[in-house]
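This is what each chain is made of:
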Amino acid sequence: MSAEPTSLGTQVFTITRADLVAYAEASGDHNPIHQDETVARSVGLPGVIAHGMYTMALAARAVSTWFPGAEVVSFGCKFTNPVVVPAEGGVDIEVAGEAKPGDDGLTTVALTVTCGGQKVLGMPKAVVRA
Amino acid sequence: MPVDQSLVGREFPPTSPYTVSEDKVRAFVAATGGEYAGGPVPATFPIVLAFDAMNAFLEAESIDLFRIVHGEQKFHYERPVVPGDELTATLTVASLRQIGGNDIIGTASQITDAGGALVCTTTATLVHRAGEEGA
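Top line first, the protein sequences correspond to chains Z and U. Take the first sequence: its position 3, counted from the start at 1, is 3 in the numbering used here, and no numbers get skipped. Take the second sequence: its position 64, counted from the start at 1, is 1064 in the numbering used here, and no numbers get skipped.
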């Protein structure tokens, strides 16, 4: 019935501390665990972590690059592992995907989002009209 | 301190209307390394509304934001959001459970436009972490 899944080209993004500052301002999420090492460690995190929504936004960017102009019908994921962002330099996020067109005009994009080879999002999936 | 169990099912007041502007969208896109070329907003942009509703909820319940870690987020869109939209979010606490001293709070926010039409439904799982000393 439906076509076989198609692999989409892996995209790489870098996250820096400065990005997290800009994202906090733009999104309204001023949780200090995304800015302050001491606060992050005080709640048991390994260091300053990226907003889960930041990583999810990168996954959305990848989808919009694969399917330019396509309407997104749904998008979701779990945040399974924190993305630790070092004070200097940045950290790379890799976004890979497989597209599976349905019979309903909608394409399901199953994503794999990793940092240093480890999955950071659980079951990230977007459904697009494409 | 565990979160009050009677919260489940409670709907919080709608957030103040938020007008989506090209400037706000441009800043959001730039923060995630992209360049906004106009048109519909990025898929995760409605989180701005959801955060607004979440912050009001946390404040009302005296929950510290720094103890919150994001567990899950899902969006279901009725239509694309575009600059000029005036949006409001209404948050409901959908579920609450305790695991290992942490509270797992499930929320659902309905985002509606100025005409009252549903634009996006977004659900979130928030993990309220106990301190180093345990629950």
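Don't read these hints as lab results, they were simulated from the structure. Any given hint might turn out to be false.
A short, non-exhaustive set of chain U residues, derived as facing chain Z with CB atoms under 10 angstroms [said to hold, decoys possible]: (1) 1009; (2) 1012; (3) 1034.
Residues from chain U shown here face chain Z by an in silico Cβ test under 7 angstroms; the list is partial [stated by the list, open to error]: (4) 1014; (5) 1027; (6) 1067.
C-beta: ideal position from N, C-alpha, C; glycine also.
Hints and how they fare:
1. Violation of the interface hint for residue 1009(U) is found here, the shortest Cβ-Cβ separation to chain Z being roughly 22 angstroms, above the 10 angstroms cut-off.
2. With a cut of 10 angstroms, the hint placing residue 1012(U) at the interface with chain Z is violated, because the nearest CB-to-CB distance is about 16 angstroms.
3. With 10 angstroms as the threshold, the beta carbon of residue 1034(U) comes within range of chain Z, its nearest partner Cβ sitting at about 6 angstroms, so the hint holds.
4. Because the smallest distance between the Cβ of residue 1014(U) and any Cβ of chain Z comes to about 16 angstroms, over 7 angstroms, the interface hint for this residue is violated.
5. With a cut of 7 angstroms, the hint placing residue 1027(U) at the interface with chain Z holds, because the nearest CB-to-CB distance is about 4 angstroms.
6. Checking residue 1067(U) against chain Z: minimum C-beta separation of about 6 angstroms stays under 7 angstroms; hint holds.
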